[in-house]
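Following the hints, complete the assembly by docking chain W onto the known chain B.
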Amino acid sequence: MKKTLFVAALLLVGAAMPGIAQLKLNGAGATFPYVIYSKWFDVYHTKTGIEFNYQSIGSGGGIKQVTEGTVDFGATDGFMSDDQLKDAAEKQGTEVLHIPTVMGAVVVTYNLPSVGSGLRLTPEVLAGVFLGDITKWNDAKIAEINPGKQLPDLSIIVAHRSDGSGTTAIFTDYLTKVSKTWSEKVGKGPSVNWPVGLGGKGSEGVAGLVKQSEGAIGYVELAYAVKNGLPYAELKNKAGQFVAANFESVSAAAAASAKSLPADLRVSITDADGKEAYPISGFTWLLVYKTMKDKEKAGAMVKFLRWAMTEGQSYAKDLYYAPLPKDVVKLCEKRIDSIEVK
Amino acid sequence: MAQNVVAQTYGAPAGDGGSNPPVASSVRSRAKHRQWNVGDFVFKHLTMLFAVGVLSLVFLMGYEMYKGSSLSIAQFGWRFLATSVWDPVRDEYGALPLIFGTVLSSLLALVIALPLGLGVAVFLSELAPRWLERPLSFLVELLAAIPSIVYGLWGIFVLVPWLRLHAEPWLGSHLGFLPFFKGAPYGFGMLAAGLILSVMVLPIIASISRDVMRSIPDLLREAALGLGATRWETTKVVLAASKSGILGATLLGLGRAVGETMAVTMVIGNRADISASLFSPGYSMASVIANEFAEATTSMYTSALIEVALVLFVVTILLNALARLIVWSVTRRYAST
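Quick note, the sequences are listed as chains B and W, same order.
Each residue of the first sequence is one higher than the one before, counting from 1 in this note's numbering.
Each residue of the second sequence is one higher than the one before, counting from 1 in this note's numbering.
If we strip away everything but chain B, and leave its shape as in the complex, we get (with noise of 0.2 Å):
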C-alpha cells in the first residue's frame, strides 16, 4: 500500500513537472491517413518519446481547428482557399503550411459479374454515368470501349458517398476538369448534390451499396478497394493510356506534376500528365504553422515532418498509400525548413 502511494506521487510529481512531462502535440483532421498517422506517430513516439495525439474527425473539421488554434497541426485531403487561409492567418497571426505527406487515389468499382475485372472507362463515359446520361450497361459509348467484354443489359445504379468527404472532393474534382457539363451542373466539394444515384455512409457504405446490386458503380479509396477485394475499373488518362490505380501510376501523376508544383504545395493532381498517371490520385496534406507559440512544439514538429519525409515513406506502401515521389519530397523538405524554429 505504502509503495503504491509512493509510486502515485512520484508520477503525480513527474507529471506536474514540466522539464520531465513528455511533449505531446495535439492534431485533428482527415479521416483517409489516418491509418498511416497512427503508424507514424506510434513508431515516433517509441523512437523519440515525443507524443501525437491524432483525431480523424474529417478534413473539414481539421481545417476549423487549425483556424481556431484549438490544435497543434492538422491535416486535411482537400487543401484550404485562399480565403481560409486568409482567415486562419488573421486569426492565428501566422501563416498555415500545407505538407503533402502520402498519396492516395480513388478508384472506380463496379458489379458486373459477367465483366470480371478490367472493365475500362474514359472520362466522358464516367462523368456520362454520374450525370446520369449513360444509363444502361451495355450502351454503345461504354461497349466501344470494351471490345469483347459481355456488358448486360442492365440499368447502371450509381452510388456514391452521403457523407461529406475528401474522397468525394478528388472524384469530383477529376469530374469538373474533364466534364464541361459537370462542372456547370454539378461543380466539386466534399459533398456535391448528385444528379443520380443513391448515397452510401462512408466508404463500406458505397461498398455496401455496389456489392449488393448488380449493375451498381461507386468509387471508393484505392486502399480500400484492394483490402476488400473489390473490382475497380482502368481508367484513360490525359495521355490516353487506359490505366489502372496502383502505388506506381499514383506516384506517377505527383512525378508528373512535381515540375509545375506550385510554392505552397497547394494544388490538385487528377487527370496529371504523364503515360503511366493514374487520373483520379490527390495528395492528402498536414497543415502546420509557420511560427509556434511553444518553441519546442514546434521543434519536434520539424524533426517529425523531416523523418515522415524520409523513414515514414517507407510504411506507406504496407498500408495502401503512395509513397510521395522524390521530386515532390524534396519540395517539402524546402517548405518545412521554412518553418521557424529557435
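Hints were generated in silico from the structure; no laboratory data involved.
As the structure is a computational prediction, the values presented were derived from the model and not from experiment.
Be a bit skeptical, because a hint or two may be false.
In the DSS-like style, the derived pairs of lysine-lysine whose C-alpha atoms are separated by at most 30 Å in a straight line are [said to hold, decoys possible]: (1) B:K141 / W:K67; (2) B:K141 / B:K259; (3) B:K180 / B:K141; (4) B:K47 / B:K259; (5) B:K86 / W:K182; (6) B:K290 / B:K326; (7) B:K185 / W:K236; (8) B:K297 / B:K39; (9) B:K330 / B:K259; (10) W:K67 / B:K91; (11) B:K211 / W:K182; (12) B:K227 / B:K238; (13) B:K91 / B:K236; (14) B:K227 / B:K86; (15) W:K182 / B:K136; (16) B:K91 / B:K326; (17) B:K227 / B:K185; (18) B:K275 / B:K290.
What follows is chain W alone, placed relative to chain B:
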C-alpha cells in the same frame, strides 16, 4: 429501456391506486407546518436548481441553434422550408425534401407499427395469461434496447436485399398502378426506412399502450362483462377509454421516429428528392446533419445544417408536448375513479 421509464411517468396511477391526489396534498400541507430545517431547505433548492437547469438547457439549446443558423435564416428566410435544392457547392439550401423524408418515413413507420403495437398491447393487458405476459412484455421492451446501428446493419444486410429481390418486385407487379409502388426496386429507399423505423417504434407504442390500458380501472371491465358483453366488446370499451393514452403513445413513437438518425441514414438512400414512390431514395433531417456536418466548410453550409437541426428540434418539442398533454389528460380523468 427509456420508454419503460417514460411509461411509468406517464401512466402514473397504475392499478394499485397507491398515490391518489388527496393523500399527496395532505402530506404536502403537513410538511409545511413542520419546523424549518436546513437539510430540507438545501434539498428543496438543490433539486429545484436541477429542474431549472434542465429547463434552461432546452432554452439555451434552442437559442444557440437559432443564433447558429442566423446566417442561413437571413439568406433564405421561409424559402428554406419551401425549396428543394440542397447544393453545398453553390451554397443553395432548401430543406423541403429533408422535412418530407422525415415526415414520410415516420408516418410510414406509424402506419405499420400502430396496429401491430396495439395488438401486442391488447394481448398483453387483456388476454395473455400471467406466465406468458411477463416474459413477453420483457421481450417487447428489449426491442427498444437494441442500438440503432444494429438495426441499421440488419437493414443493410437482411431487409434491403429482401426488399430488392422479393418484396419490391412483387409490390411493383401487383400494386404497380399506385404511385407509391412505381420505379426501379433498389431496396434502399423510403420503404426500407419506414420498415426499420416501424420495428424501432413498435416497442414504444406497445408498452406504453399496455400501461395505459392497465391503468383503466377493472370496474369498467367488470361492468361491461356484467352487462353481457363478450371479451371483444369489453376490450373495445377499454380501448375506447384509453384512446387518448394510445394517441399519446403513438406520438411518443413518432417522436422517436422523427429523431432517429443512424438506422435511417444507412437504408434511406440519402438523396434529397421528393417522390411519391416508396421505392425511391429519400433523405431525412437527422441524416443530413449526421452525414454532412463534419465536412461542412463554409459558414453558410454550417449555418444551413444548424437550421435543419432547429427545425427538427421544434418538430420534436411540439410532438412531445402534444404527447404529454394527451397522456396527462387521460391519466387525470381516471385517477379519481
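Practice item. Would you mind confirming whether the straight-line C-alpha gap from K227 (chain B) to K86 (chain B) stays at or under 30 Å? Key: 39 Å, violated
Practice item. Measure nothing beyond the straight line between the CA atoms of K330 (chain B) and K259 (chain B); if it is 30 Å or shorter, mark the hint as holding. Key: The given pair, whose Cα atoms are some 12 Å apart, holds under the 30 Å limit.
Practice item. Would you mind confirming whether the straight-line C-alpha gap from K141 (chain B) to K67 (chain W) stays at or under 30 Å? Key: Status violated; Cα separation ~51 Å.
Check your understanding: Between K91 (chain B) and K236 (chain B), is the straight-line Cα distance small enough, at 30 Å or below?
Key -> 44 Å, violated
Review point. Does K182 (chain W) pair with K136 (chain B) here, judged by a C-alpha cut-off of 30 Å?
Key: 19 Å, holds
Exercise for review: Mind checking the alpha carbons of K290 (chain B) and K326 (chain B) for me, to see if they're no more than 30 Å apart?
Suggested key: Holds, at roughly 23 Å.
Exercise for review: Quickly compare the C-alpha distance for K47 (chain B) and K259 (chain B) to 30 Å and report which way the hint goes.
Suggested key: 34 Å, violated
Exercise for review: Verify the proposed pairing of K141 (chain B) with K259 (chain B), using a straight-line Cα cut of 30 Å.
Suggested key: 35 Å, violated
Review point. Is K297 (chain B) within 30 Å of K39 (chain B), Cα to Cα?
Key: 20 Å, holds
Review point. If you draw a straight line from the CA of K227 (chain B) to the CA of K238 (chain B), is it 30 Å or shorter?
Key: Within the cut-off at roughly 28 Å; holds.
**Study point:** Pair hint K211 (chain B) and K182 (chain W), alpha-carbon separation not exceeding 30 Å
**Key:** Status holds; Cα separation ~24 Å.
Point to revise | Restraint status (C-alpha distance of K86 (chain B) to K182 (chain W) at most 30 Å) | key: 51 Å, violated
In summary, the numbered hints that this structure violates are 1, 2, 4, 5, 7, 13, 14, 16, 17 and 18.
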